[in-house]
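Enquirer: The lines below spell out each chain.
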Amino acid sequence: MKFRVTLIFVVVMLLGLVGTVTAQDTEPSGRLEIFSWWAGDEGPALEALIELYSSMYPNVEVVNATVTGGAGVNFRAVLKTRMLGGNPPDTFQVHAGQELTGTWVVANRMEDLTFLYEEEGWFDALPQGVIDQLTYQGGIYSVPVNIHRAGVLWYIPTNLENWGVQVPTTLEEFYATCQTLQGQGVTPLVVGEAWTLIHLWETVALSVLGPDNYDALWTGGLSPRSQEMIAVWDEFGRVLDCTNVSQDAAGLSWQQATDAVVGGTAAFNVMGDWAAGYMSTTLGLTPGEGYGWADFPGTEGVFMWLSDTFGLPVGAPNREATLAWLRLLGSVEGQNAFNPLKGSIPVRLDAFAADPELYNTYSQSAAADWSELRLVGSLMHGVVANERFMGDFNDVMQIYLQSRDSGAATSAMEAVCIQAGACGM
Amino acid sequence: MRNRRDRLIAFLMVLPTLMLLGIFVYFFIGKAVYTSTTDWGENPDQPALAENVVLTNVGLRNYENLMTDIIQANFRNSLTNTFFFTVFFVAGCTILGLFLALLLDQKVVAEGFFRTVFLFPMALSFVVTGTIWRWLLQPSGGINILPTLIGLEPIQFNWSNNQETWLQFRWEEVPLYLTTVGITILTIIAVRNVLKHNWRSLRFAAGAAVVVLLVFVAGLWNYIWPPLDSAVAEQAIAPKGFNGALLGIIIAAIWQMSGYVMAIFTAGIRGIPEDLRESARVDGGTELDVYRHIVLPQLSPFVTSAMIILGHISLKIFDLVFAMTGPDNARTVVPGMLVYTKGFRQNSFASASAIAVIMLFLIAVIIAPYLWSQLRTSKSG
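Read top to bottom, the protein sequences are chains A and B. Sequential numbering of the first sequence, starting at 2, is according to this note's numbering. Sequential numbering of the second sequence, starting at 44, is according to this note's numbering.
Heads up, a few of these hints could be off.
Here are the simulated lysine-lysine pairs, DSS-like style, with alpha carbons at most 27 Å apart [claimed, not checked]:
| id | chain 1 | residue 1 | chain 2 | residue 2 |
| --- | --- | --- | --- | --- |
| 1 | B | Lys74 | B | Lys359 |
| 2 | B | Lys359 | A | Lys81 |
| 3 | A | Lys81 | B | Lys74 |
Among chain A residues calculated to face chain B with C-beta under 7 Å, some are [to be verified]:
| id | residue |
| --- | --- |
| 4 | Asn109 |
| 5 | Glu194 |
| 6 | Ser247 |
| 7 | Arg389 |
| 8 | Gln399 |
| 9 | Gln403 |
| 10 | Gly422 |
Bear in mind the hints are in silico, worked out from the structure with no lab data behind them. For each residue, glycine too, the CB sits at the ideal point set by N, CA and C.
Based on the provided sequences and hints, a complete structural model is requested.
Expert: Laid out in structure tokens, this is it:
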């Protein structure tokens with residue numbers, strides 16, 4: 002009997018000893034599953050970041066899990082199945098804004114990272130406009146790794162010279178250019194599958210409304226059925242008349258649309274600046290000479306942004322390793338390892354300032370704009386409206402494409418805003 | 044005694060299967076039906092992905108929205124697309140499959156080789172087929188530039204992004220069409236029975252026709268096919284008809300599945316005893332007579348099987364459309380696609396479940412009579 006008590010005592014002591022050893026050992030280990038939609042052209046940037054992480058934490062086995070598909074559409078389906086099934090990855094990619102807060106944070110699926118922001122001093126390093134989009138009821142829920150710019154006008158300078166046109170700066174100039182180009186059998190503006198149309202729509206909306214009304218539309222200050230919105234759809238229709246929407250658009254991915262510009266069958270393309278990464282890295286063109294960029298007519302002085310972020314889901318299997326990953330993402334080294342390869346710019350202004358030479362001509366211009374221009378969030382990339390709205394907005398777009406009726410589109414949009422609880426309703 | 048023990052053992056043998064089926068099929072069907080009567084994902088105050096979502100029972104509101112709400116016009120497009128896709132796909136596959144089977148029946152050299160060649164597309168997945176045909180049907184490439192190989196002009200036809208809508212009809216008139224078709228068929232049956240002096244069947248057909256007519260007149264269709272919120276707007280924003288963009292998908296689907304139908308028919312033709320054909324020839328029938336009066340009538344059960352199999356494939360089609368024209372394309376949208384986009388992209392799980400239940404119902408409408416008749420023949424046989 003006495004022997005037994007002693008044995009139990011010794012075992013308990015030993016367990017306690019092991020416990021203290023583990024507690025002291027803060028070095029993360031085990032398995033870290035990073036869930037994203039970055040593969041293919043976008044893969045190397047993530048791999049560079051993982052390599053950096055592995056060199057810092059050699060004990061962690063990183064699992065790079067990806068589900069590809071434009072702007073993460075298929076990825077999110079898989080992610081939701083896993084989350085609903087109680088099997089969250091350690092960390093996953095999510096756009097800043099409503100895609101994070103409207104889907105995951107309101108559902109209590111994310112851990113508050115305010116402590117991490119305080120520890121790492123990110124309140125000073127990150128722009129307030131971005132932090133606002135990661136915040137919900139006082140908590141901050143993810144760490145942004147990059148900034149992309151949406152709604153940029155891309156072209157090939159030598160092609161424009163051959164056709165005798167210049168980059169338009171107003172919509173009226175754009176329509177004139179459009180006629181000149183159509184006369185020569187060139188598609189003035191190339192679009193691709195459905196989501197690229199929504200991306201074009203948000204750009205036209207920004208151009209017509211201006212940044213203040215554009216913001217007001219999503220926060221309840223501007224009714225989706227107002228005269229201003231009728232004007233947006235009207236102008237969108239005129240812009241569509243300059244595109245290939247009724248020809249081969251539905252079958253083109255954004256890369257194929259960019260290819261049409263590079264190949265000289267189309268003059269312009271409105272796309273986010275991942276197109277710069279594609280043209281520089283995959284197609285080997287020199288920014289500024291091989292390809293050029295400009296503000297979409299009527300959007301000067303405004304930077305439409307979106308940001309890829311990573312958060313910490315509630316119940317993540319390996320919390321320690323995930324926190325280490327998030328620390329790396331928010332650091333100057335992490336952002337500078339990732340962004341030059343991705344073709345995006347760092348969220349931290351001091352990261353770019355630390356080594357501007359890492360970035361190509363395009364990114365340098367974007368980084369300069371990022372620190373100076375008025376910021377607005379991208380609709381297509383989940384910043385300003387929730388996923389429910391986005392899904393139904395696809396139907397609004399189809400309604401418009403079929404009827405070309407701005408009145409029908411605005412009333413449909415209002416109905417969708419109400420059903421989804423978006424647009425400040 | 045012995046008999047009872049046998050039965051018990053038999054029951055115990057089947058029990059695991061029954062339990063698995065009960066849980067993984069029927070329980071989840073029930074769960075989907077239940078979800079479709081809640082507001083999961085429809086209520087902005089209840090985040091769809093929360094761990095403990097508070098669900099409210101809304102009865103059949105989700106179904107009603109799908110059938111009437113202007114925002115859900117895409118669902119009605121998907122039903123229309125499914126209808127036309129099913130008609131052309133089933134007809135195309137059956138005709139082409141029958142043609143191939145008859146060709147193989149001509150005692151050709153290397154028959155086995157050709158059989159494999161025709162059957163091979165079925166070995167591919169719809170995603171692969173879709174990707175290949177998406178490239179082949181690009182407006183400025185693939186099939187359209189084939190004629191240039193022999194010095195002709197390229198074809199200008201726009202396959203997967205065709206904007207034409209043929210055979211247009213109005214959604215709110217569908218009950219009228221269905222009633223007309225039903226009464227026409229029943230009248231034909233009735234007339235044939237009069238000619239055959241089969242009075243019992245005549246009374247049955249006439250009675251059924253009256254019921255169909257009464258259902259229409261009494262306005263019972265309003266519950267199955269509720270009137271649209273705005274029929275005028277529906278016509279403007281989502282005209283119903285056979286969308287030209289479906290052509291490419293139908294071609295790809297026929298390419299993939301006609302070999303399979305050919306295999307079914309080949310098996311059917313093999314099963315016809317040679318002496319039947321011989322005796323027809325001895326009686327002076329030509330080769331054409333042999334096919335018309337011997338082979339084709341013997342094949343009719345195989346036609347039914349083939350149609351059932353093709354019919355349920357076409358109602359559930361998803362991957363082929365996803366690969367060929369993408370998920371957000373109102374001209375080629377199908378119900379399966381909407382289950383996916385509504386459920387997993389916009390978190391409207393209740394609406395997605397309602398669509399899934401409607402799909403299940405449509406497939407049951409096709410399959411149940413077939414299973415029933417199969418069961419009856421196997422019992423009597």
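Enquirer: Would you settle whether the hint for Glu194 of chain A is holds or violated, based on the nearest Cβ-Cβ distance to chain B being less than 7 Å?
Expert: 5 Å, holds
Enquirer: Against chain B, with CB atoms and a cut of 7 Å, does the hint on Gly422 of chain A hold up?
Expert: This hint holds: Gly422 of chain A lies near chain B, its Cβ roughly 3 Å from the closest one there, short of 7 Å.
Enquirer: Below or equal to 27 Å on CA atoms is what counts here, so check Lys81 of chain A against Lys74 of chain B.
Expert: At roughly 18 Å apart (the allowed maximum being 27 Å), Lys74 of chain B and Lys81 of chain A satisfy the hint.
Enquirer: Verify the proposed pairing of Lys359 of chain B with Lys81 of chain A, using a straight-line Cα cut of 27 Å.
Expert: Roughly 22 Å separates the two Cα atoms, so the pair holds.
Enquirer: Given a cut of 7 Å on the nearest C-beta pair, is the interface hint for Arg389 of chain A held or broken against chain B?
Expert: Result: holds, 5 Å to nearest chain B Cβ.
Enquirer: Against chain B, is Asn109 of chain A within 7 Å by beta-carbon distance?
Expert: 6 Å, holds
Enquirer: Against chain B, is Ser247 of chain A within 7 Å by beta-carbon distance?
Expert: 5 Å, holds
Enquirer: What's the verdict on Lys74 of chain B and Lys359 of chain B, does the C-alpha distance respect the 27 Å limit or exceed it?
Expert: The given pair, whose Cα atoms are some 19 Å apart, holds under the 27 Å limit.
Enquirer: How about Gln399 of chain A: closest beta carbon in chain B under 7 Å, or not?
Expert: With Cβ-Cβ at 4 Å, under 7 Å, it holds.
Enquirer: Identify whether the interface hint at Gln403 of chain A stands, where standing means a beta carbon of chain B within less than 7 Å of its own.
Expert: Where the cut-off is 7 Å and the nearest Cβ of chain B is about 5 Å from Gln403 of chain A, the hint holds.
Hint compliance for this structure: no hint is broken.
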